[in-house]
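Given only the sequences and the hints, what does the whole structure look like? Please build it.
There are 4 protein chains.
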Amino acid sequence: MDDVVIRPLENVELRDPVLVEGLPGVGNVGKLAADYLKDKVEAKPLATIYSKFLPPQVYVSEEGIVRLVSNDLFYRKARGRGERDLLILGGDYQGISPEGQYELTHRVLELAARFGCRELYTLAGFAQGHVVETPRVLGAATSTAKVEALRKFGVVFSRTDPGGGLIGASGLFLGLGRLFGMEGVCLMGETSGYFVDFRSAEAVLKVLTRALAIEIDFTDLEAKGKEIDRIAQKIHETEQRMTEPSSSASGREDLGYIG
Amino acid sequence: MDDVVIRPLENVELRDPVLVEGLPGVGNVGKLAADYLKDKVEAKPLATIYSKFLPPQVYVSEEGIVRLVSNDLFYRKARGRGERDLLILGGDYQGISPEGQYELTHRVLELAARFGCRELYTLAGFAQGHVVETPRVLGAATSTAKVEALRKFGVVFSRTDPGGGLIGASGLFLGLGRLFGMEGVCLMGETSGYFVDFRSAEAVLKVLTRALAIEIDFTDLEAKGKEIDRIAQKIHETEQRMTEPSSSASGREDLGYIG
Amino acid sequence: MDDVVIRPLENVELRDPVLVEGLPGVGNVGKLAADYLKDKVEAKPLATIYSKFLPPQVYVSEEGIVRLVSNDLFYRKARGRGERDLLILGGDYQGISPEGQYELTHRVLELAARFGCRELYTLAGFAQGHVVETPRVLGAATSTAKVEALRKFGVVFSRTDPGGGLIGASGLFLGLGRLFGMEGVCLMGETSGYFVDFRSAEAVLKVLTRALAIEIDFTDLEAKGKEIDRIAQKIHETEQRMTEPSSSASGREDLGYIG
Amino acid sequence: MDDVVIRPLENVELRDPVLVEGLPGVGNVGKLAADYLKDKVEAKPLATIYSKFLPPQVYVSEEGIVRLVSNDLFYRKARGRGERDLLILGGDYQGISPEGQYELTHRVLELAARFGCRELYTLAGFAQGHVVETPRVLGAATSTAKVEALRKFGVVFSRTDPGGGLIGASGLFLGLGRLFGMEGVCLMGETSGYFVDFRSAEAVLKVLTRALAIEIDFTDLEAKGKEIDRIAQKIHETEQRMTEPSSSASGREDLGYIG
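Protein chains in written order, with this note's numbering: chain Z, 1 to 259; chain C, 1 to 259; chain H, 1 to 259; chain F, 1 to 259.
Derived from the structure by calculation, the hints contain no laboratory data.
Backbone N, C-alpha and C fix where the C-beta goes; we use that ideal spot for every residue, glycine too.
There's no promise every hint is true.
Label-pair restraints from in silico Cβ distances [unchecked claim]:
#1 F:V131 x H:E13: 55 to 61 Å
#2 Z:A223 x F:E227: 52 to 58 Å
#3 H:S97 x Z:E62: 50 to 56 Å
#4 H:D220 x F:R15: 32 to 38 Å
#5 C:F195 x Z:E62: 29 to 35 Å
#6 F:E227 x Z:E110: 45 to 51 Å
#7 Z:T160 x F:G164: 38 to 44 Å
#8 H:E237 x C:G164: 37 to 43 Å
#9 H:E10 x F:K226: 29 to 35 Å
#10 Z:E62 x C:D39: 55 to 61 Å
#11 H:T238 x Z:G164: 46 to 52 Å
#12 H:H130 x C:R210: 34 to 40 Å
#13 F:E227 x Z:T160: 18 to 24 Å
#14 C:N11 x H:S97: 33 to 39 Å
Structure (C-alpha cells):
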C-alpha cells in the first residue's frame, strides 16, 4: 500500500490558488475555522487523502455507513472582486507520528503545487492555559513582507509567543512549504486549550477572510461561540470562587458554627 | 524481507467469493466466530500470511513444534442452493502498529480482489462494559442497501453505537475495501469485553450464516456459550451482591451478631 | 543507509553448516552459551552485521577504542569425526523493534542459506521466576523428527512450557527458518531470570555439543557457574529467611530480649 | 518525501576537510562548542538538512519568521599555518528515533565523504551527576594512534568511563564513520548534566582547537562560563548546606530555642 493514497474527486483547473489548512489541534481552532469557511464559501470536494499515517479507524454515520478517516481537500473558485481561488484542507486527524506528519504535509503541498499554489494560510489554536476573554490572533510567517501585511489585519507577532516554536501540521506546512517556494502565514487563535473553542476560531477566521477579501456570514459561528462563552463564564466563576481569598473566607464563616 | 509475505498453499479458482474476516479483538468475538465457521464448513487452507507487522513470536504446540504467528486465509466452495464461495480470514494477531494494520489489510484485500471478491463481512465484538444477557448484533456497512439488507436479519444499526467509530481490522477492512470497490458489513456482537465471549460469537455467526444462506451446526458453540453463561451468571450475582442496597443490608444483618 | 549492512570479513566455503544462534535475552543464557562455544572451538569472524534496528550506540574498550554495536557471525570448519561445519551468531543486541527482529533474522538466515545452511540451533533462557537448582533444558523444534532426536540428549519437550510461545530472536529464527526450508531446534535453559546465568548456559551447551558431536572444555564455564551458585545460594537463603515461618519465629526469639 | 532532504547552499571544493560534529545532547556541550567554533572561525553555510526523523516543528524568530528544524553543515577554508579545511555540523535536534539517528548520521557522513573528509571530531557532554569544578575532557577514538595523539592535548582516556558506551550522534558518527574509512575522536566534556554547560564546552573546544591548530578568542565563552560558575557555586553551596553534618547540626542549634 502507498504511504499516502490520494483519490481525486474532480478534475478542475485553478488559478494561483491559496491553500488554507485547518486540521484538528489545540482547541480544535484550526479545524473549526477551516470547516466553517469551507461550508460558508460552498467549497467543493477535490480529493480525499487516505494514509497509513492516520489511525486505522472508520467513522460510522447515524445511518450506519462507514467512512475511512481521511484528510480532505476542497476547492472554491474566486467569485467577487479581489477574491482568489481557494484550496481548503480539513480532516479527521493530523499524521499520528513525526514521520507521518512530514509525509502527509509533503504530499498535500506537492498536490497544491500542482494546482499552482504559491501561498498558504495555516490555522491553529494557541493554548494559554487560562480562559481568554477576547482571543487575539497570533501570527508567524515565512517572510517579513507577510508579517507586515498581516499586522494590518490585527495579527499580533509577538517576540515571545510562541516561544518554543510550533509543533504539528500548521507549522510544518509553512516550514516544508518554503521548500516548494511557497510563502505563508500561520494564524493562531488564543484559546484556553481546555475545550473546543468556536470564539477563537471566529477570531482567526475574521482575520483570514479580511486577508483573502472574502465575505462570509459569521452568525452560526457566533452562536456556537456564545454557547462556549456561557460555559467559559461558568468555569471562570468557579475558578474565582476557589482561588479568591474573600470567597473562601466567607465559605469558612458559613461553616464556622460547625467547628 | 518483504513487509508482508504471502505463502500460497493451494491453487484454486473461486467464483465471486465473499470474504469473512475474524481476527482477535474485543472479547475475541470475531476470531471465535470466523474460526468456528471455518471448521464447520470445512474450509481449506488457501494462503498463510507472515509479516513483520505481527509480533516476532512463534507458538509451540503440545508436541513441541513451533509455528510462526500468522494470518490465515481459507476458502470453501459453494455447495447448497444460494450458497456462495467463501474466503475466511483468521489469525493470531491484528497488525501491531497503525501502519501494520493498513499494510496487512491492504494486502489481504488485494489478494481477495484477485480471487474476484467484491463483498465482505467483518466480525467483531462491541464492548459494553457490563454483562450482556442477550447480545444484540450491531452493524455498520458501506452502503444504505447493505444496511437495509442486514436489518432484515436482526442487525441493529444504532444512531449512537459505535459512537467513536471502529478502530482496528474490522473497520479498516470495510474502509479500505471501498477503495477496491468492495461492499461490506461489519457485524459486532455485544459483549462485556471482560472475557472470551462464545455467546456473542454465536449471535454474530447466526446473522452471518443467514445472510450467507449457509447452514451450520451450532451445538459446540452453544456448549461453550453455556459455560460462559455460568461464569457470567456468577459475575453478575457477585456484582449484584456488591451494588444492591437490600442485599448489602441483609448481608450486614447476617453478620450483625458478630459485631 | 541500508536497513541491514553486512560486512564480510573472510571468503570461505562451508559444507552443510549448522547455524547456532545465541543473542542477548533472558538470563543472557543464549549469548553466554554461543560466546563460550565460539571461543572454545576457536571460531573465526565471518561477517559483521550493522543495522539501524540496533541501538545508535558504540562501545568503548578499556583502551578507548570505539566499536559500533553489531551482530557477529563466526564460522568453524569441522575437525573431528562426525563434526560438521558451524556458523555461530552472537551480538550485542537483538533487533530493538518487532520489525527490526524480523529484518535482522531474515537477513542472517538469507546469509546462512547462501553458505548452504539447512539446520539451526537457537539458544535461549527460560525464566522460571525462582532460583533453579538444576536447570533443565527445554526444547521446541520445527519437526517431530527433531523433537525425537533431541529428547535423546535429555531435552524436555513440555506440554505446557513455554505456554505463550517464544518471543524474540530464538523463536523467530526457527519460524522464519522454515520459510528457508531449514529445520531447527530451540534449546532453552531454565533460569531464574534474575541474573546472568552461566550454569543455565552450561546446561544448554552440554546438550548442544552432544547433539553436534563436538567436545569442548567446560572448566571455565563451570567456574563462572559456581560463582553464580554462591550468589544464588545467598539469595535462596535470604528468601527462605523471609518466607519460612520457623526461621522468622526464631528470628523474633533472637530479638526477643530487645523488646 | 525523501527521508533526508539535503539543500546545498553553496558550491565549494574542500581539501581533506575535518568534520566537527556538535549536536544537542548532555549539557548541550557539543552544540555549544560547535556553534561557538562556527561563529569564531566565521564558517559559512554549506547545506541545510531537513528530515522526517526530526520533530515536525518550526521555530519562530523574534520577528515572527518561521524556520523548519534542521541540521546544518558549515565550512571554513584553512587560513593559518597547519590549519585544515573544516566542515562543522550543528543543528536543532539529533534524530528522534534509533532509525533516524542512523539515517541522518549516514547521510551526513556520505556528504562529508563526497567533500573528501577522512577524519572527524565529535563533541559531547559526559554527565557526572554532580557539579564538576574543573571539567576534564574524556575521549574515545577509532584507533590507538588517535588515542595517543589526543592524550598529548590532555584528553583523558579512562578505563572505566564511559562504561556503557556512547549512545547517540557523537558515538554513532565514529562508529558509522569507520564504514566510510574515516578515523575520528569523540571529545566529551565532563558536566553535571543539570544545566547548559558553557565551561565544559570551553574545555572541549580548547582541546579541539589545539588539535586542529586553530586559534580562536574564548572571551565570550568564558564570560558565559563564569555566569554558569556563579550558578553552579550557588547550587554547590546549597548542596553542602543540605548534606554536611556540621552545617545541619548548627542549623539545628539555631533552631534549638524554638523547640
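Comparing the hints with the structure gives:
For the hinted restraint 55 to 61 Å between V131 (chain F) and E13 (chain H), the CB-CB distance of approximately 60 Å keeps it satisfied. About 55 Å separates the C-beta atoms of A223 (chain Z) and E227 (chain F), a value consistent with the hinted range of 52 to 58 Å. Remark: the range hint 50 to 56 Å for S97 (chain H) to E62 (chain Z) is contradicted by a beta-carbon distance near 40 Å. Roughly 53 Å separates the CB atoms of D220 (chain H) and R15 (chain F), a value that falls outside the hinted 32 to 38 Å.
A beta carbon spacing of about 31 Å between F195 (chain C) and E62 (chain Z) agrees with the range 29 to 35 Å that was offered as a hint. For E227 (chain F) paired with E110 (chain Z), a C-beta distance near 47 Å keeps the hint of 45 to 51 Å intact. For the pair T160 (chain Z) and G164 (chain F), the beta carbons lie near 40 Å from each other, so the given range of 38 to 44 Å is met. Under the hint 37 to 43 Å, the C-beta atoms of E237 (chain H) and G164 (chain C), about 55 Å apart, miss the expected range.
For the pair E10 (chain H) and K226 (chain F), the beta carbons lie near 56 Å from each other, so the given range of 29 to 35 Å is not met. Judged by the Cβ atoms, the range 55 to 61 Å given for E62 (chain Z) and D39 (chain C) is violated: they are separated by roughly 37 Å. Against the hinted window of 46 to 52 Å, the Cβ-Cβ separation of T238 (chain H) and G164 (chain Z) comes to about 50 Å, which satisfies the hint. Against the hinted window of 34 to 40 Å, the Cβ-Cβ separation of H130 (chain H) and R210 (chain C) comes to about 53 Å, which falls outside the hint.
For E227 (chain F) and T160 (chain Z), the hinted distance range of 18 to 24 Å is satisfied, since their beta carbons lie about 22 Å from each other. Against the hinted window of 33 to 39 Å, the Cβ-Cβ separation of N11 (chain C) and S97 (chain H) comes to about 35 Å, which satisfies the hint.
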